[in-house]
Amino acid sequence: MVSWMKRDKEIKRDDLRTSSLWKFLVIVTFVFLVVFAFIMSNLMGSMKLSVSDIIKAIMVADGTPQRLVIWNVRLPRTIVAALVGINLALSGAILQGVMRNPLADPGIIGISAGAGIAGIFILIVLPQYQSLVPPFAFIGAMLAAMMIYVLAWKGGIQPLRVVLAGVAVSAFLGAGISALLVFFSDRVHGALMFMNGGLSARSWPQVSMILPYTVFGMAVSFLFAEKLNILMLGDDTARGLGLNVEAVRLGFTAIAALLAASAVSVVGLLGFVGLIIPHSARLIIGSDYKYLFPASALLGASLVMSSDTFARTVFSPVEIPVGIVMAVCGVPFFLYLLRRE
Amino acid sequence: MDISSTLVIKASNIVARYKNKTVIEDISLEIPENKIVSIIGPNGSGKTTLLKVLSRNFKPGSGHVLLNGRDIFTIPYKSVAKQMAVLSQSHSSPGDFTVRQLVSFGRYAHREWWKAMTEKDYNIVEWAMEVTEILHLSNRKISTLSGGELQRARMAMCLAQKPKILILDEPTTFLDICHQLELLELIYSLNKKEGITVVMVLHDINQAARYSDEIIVIKDGRKYMQGSPQKVITSNMLKEVFNVFAYVSNEEYLGCPVFYPVKMA
Numbered sequence: 005m006v007s008w009m010k011r012d013k014e015i016k017r018d019d020l021r022t023s024s025l026w027k028f029l030v031i032v033t034f035v036f037l038v039v040f041a042f043i044m045s046n047l048m049g050s051m052k053l054s055v056s057d058i059i060k061a062i063m064v065a066d067g068t069p070q071r072l073v074i075w076n077v078r079l080p081r082t083i084v085a086a087l088v089g090i091n092l093a094l095s096g097a098i099l100q101g102v103m104r105n106p107l108a109d110p111g112i113i114g115i116s117a118g119a120g121i122a123g124i125f126i127l128i129v130l131p132q133y134q135s136l137v138p139p140f141a142f143i144g145a146m147l148a149a150m151m152i153y154v155l156a157w158k159g160g161i162q163p164l165r166v167v168l169a170g171v172a173v174s175a176f177l178g179a180g181i182s183a184l185l186v187f188f189s190d191r192v193h194g195a196l197m198f199m200n201g202g203l204s205a206r207s208w209p210q211v212s213m214i215l216p217y218t219v220f221g222m223a224v225s226f227l228f229a230e231k232l233n234i235l236m237l238g239d240d241t242a243r244g245l246g247l248n249v250e251a252v253r254l255g256f257t258a259i260a261a262l263l264a265a266s267a268v269s270v271v272g273l274l275g276f277v278g279l280i281i282p283h284s285a286r287l288i289i290g291s292d293y294k295y296l297f298p299a300s301a302l303l304g305a306s307l308v309m310s311s312d313t314f315a316r317t318v319f320s321p322v323e324i325p326v327g328i329v330m331a332v333c334g335v336p337f338f339l340y341l342l343r344r345e
Numbered sequence: 586m587d588i589s590s591t592l593v594i595k596a597s598n599i600v601a602r603y604k605n606k607t608v609i610e611d612i613s614l615e616i617p618e619n620k621i622v623s624i625i626g627p628n629g630s631g632k633t634t635l636l637k638v639l640s641r642n643f644k645p646g647s648g649h650v651l652l653n654g655r656d657i658f659t660i661p662y663k664s665v666a667k668q669m670a671v672l673s674q675s676h677s678s679p680g681d682f683t684v685r686q687l688v689s690f691g692r693y694a695h696r697e698w699w700k701a702m703t704e705k706d707y708n709i710v711e712w713a714m715e716v717t718e719i720l721h722l723s724n725r726k727i728s729t730l731s732g733g734e735l736q737r738a739r740m741a742m743c744l745a746q747k748p749k750i751l752i753l754d755e756p757t758t759f760l761d762i763c764h765q766l767e768l769l770e771l772i773y774s775l776n777k778k779e780g781i782t783v784v785m786v787l788h789d790i791n792q793a794a795r796y797s798d799e800i801i802v803i804k805d806g807r808k809y810m811q812g813s814p815q816k817v818i819t820s821n822m823l824k825e826v827f828n829v830f831a832y833v834s835n836e837e838y839l840g841c842p843v844f845y846p847v848k849m850a
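Sequences listed follow chains A and B, in order.
Take the first sequence: its position 49, counted from the start at 1, is 53 in our numbering, and no numbers get skipped.
Take the second sequence: its position 171, counted from the start at 1, is 756 in our numbering, and no numbers get skipped.
FYI, nobody ran anything at the bench for these hints, they're computed from the structure.
Fair warning: this is a prediction, and the values are worked out from it, not measured in the lab.
Hints are not guaranteed to be accurate.
With the C-beta cut set under 7 Å, the calculated list includes, among others, these residues of chain B facing chain A [said to hold, decoys possible]:
(1) Thr659
(2) Ser673
(3) Ser675
(4) Tyr693
(5) Lys747
(6) Pro846
(7) Ala850
Straight-line alpha carbon distances no greater than 27 Å define the calculated DSSO-like cross-link-like pairs of lysine-lysine that follow [what the hints assert, rightly or not]:
(8) B:Lys604 to A:Lys158
(9) B:Lys700 to A:Lys294
(10) A:Lys294 to B:Lys747
(11) A:Lys27 to B:Lys705
(12) B:Lys777 to B:Lys816
(13) B:Lys595 to B:Lys777
(14) A:Lys294 to B:Lys705
Calculated Cβ distances over 10 Å to all of chain A for the following chain B residues [to be verified]:
(15) Ser597
(16) Arg602
(17) Gly646
(18) Asp656
(19) Asp681
(20) Gly732
(21) Arg739
Where a beta carbon is used, it is the ideal one built from N, C-alpha and C, also for glycine.
Build the full structure now, drawing on both the sequences and the hints.
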């Protein structure tokens, strides 16, 4: 009797969790989180400003110092942070579904290693061409992802083969990165910032570099969320329901690669966003990709914005790479996840 | 009239391999419309692979599968899914999907990607849950279901596809005897009431004999025999295919043969 009542109670609570009202409230909360992180990021820094200063600085193009700081520095940097967060979180959410592996993140399809070796090569060997880092890192990331595709391809992509090929290629490229660092040990400092990820001096050019991918990635993932839901039922069942499993897997993996590569090429190797954000979102809102995608995007944006605010203000004037801040938040959370399983 | 109009599925000279191992060697078969056809055979005889080939889940090395006269591997996935639903053996799903959500996935093939579920879709989902008697479970999470409930929910998902053909791979595995009968009765009534053609792999030969119009016996990747239960279920077949000496009797009141295994051959 008692156990029956307990079960009934659990089911009721589950009902609340799965109800669309709960999901709607979570999304609304996340939107507030984004707005809050956005305002804080613009507010905080060595120049003290008020919210009305910010609004005025964004709206009115006068030459005041407030306008210069907000418009040229804080606002674009905040936007880059938000876009990077969205891209990495969506990429991770997609890959965890496509690979049906909770540990999948953009690193698994070679994005980090590919962008890393290309970016670090430029920074160390050709430091005079520093402006070439984003395009080369992007190309490196996409090449590594394609290499893993080709290695894992056998009449279709099988998740486990991709994961294993990803580990192998990443290890190989990682060895290349280490070799570069050893041979040019006097120039390592320039590469450190890139390896940990940082947003300092990122402005409007970087916004326009990432924005197209963010818009495209969000549009595709929100429109085709149902396909990913069906893919989670297993290949045979998904095919039986009318899903072109191979095409969906290939398409989504390509989008995940583009999203992550565009982010990583601009801010360096930001770990963990792609892993912890989709997981947290899943724990809060459930596995339905129709909700999981927007939730991940919002949570990713707010995490990177607030981590960056933290990274540039806490030891001001020294700025720590945002990647370090996020790893400090990310590792405990990840361990918590492991304990939970 | 073309003969293929009454044959929903026609497979000819199917050969299927995994790597170097040939699992199916030259099988040809025909599935007539509105019938229940069971596939039986010992473990490793190629039943599941055959079912995968028939449901376009496995591309055969050679041979053709025709669905209503068209090569099934040239028909778009969605078009196949509108005609044929597949209940595979393995199931994976995020545990927090609700039963209603799972069943709604059955409407995927009938919807364009930019369209939401229509009134008609909702009605069909409701109907599928009613037929499988899981309406009261509709808001439950998948992870809280028992084996029997889950199997009925997956069945409802297949029915929501409004298929003309149901392909079932050992639908009764993991179910107790009562739930086994319940599911088989459901399949039987769907066949009679809705005219759905059923192709299924069954482990229990007596159940296959009881519920099938035709039985296909597979041995070592070849078709050993196809015919009515009376014709197929014989002590000779059981000895040659399954390696057992068995006592077979034709039970008048059941209208089908029943066998009892006596000892290994």
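Against the structure, the hints:
no., hint, in the structure
1, Thr659, "violated (13 Å)"
2, Ser673, "holds (4 Å)"
3, Ser675, "holds (6 Å)"
4, Tyr693, "holds (5 Å)"
5, Lys747, "violated (12 Å)"
6, Pro846, "violated (31 Å)"
7, Ala850, "violated (34 Å)"
8, B:Lys604 to A:Lys158, "holds (12 Å)"
9, B:Lys700 to A:Lys294, "holds (14 Å)"
10, A:Lys294 to B:Lys747, "holds (25 Å)"
11, A:Lys27 to B:Lys705, "holds (26 Å)"
12, B:Lys777 to B:Lys816, "holds (22 Å)"
13, B:Lys595 to B:Lys777, "holds (22 Å)"
14, A:Lys294 to B:Lys705, "holds (22 Å)"
15, Ser597, "holds (22 Å)"
16, Arg602, "holds (12 Å)"
17, Gly646, "holds (12 Å)"
18, Asp656, "holds (16 Å)"
19, Asp681, "violated (5 Å)"
20, Gly732, "holds (16 Å)"
21, Arg739, "violated (8 Å)"
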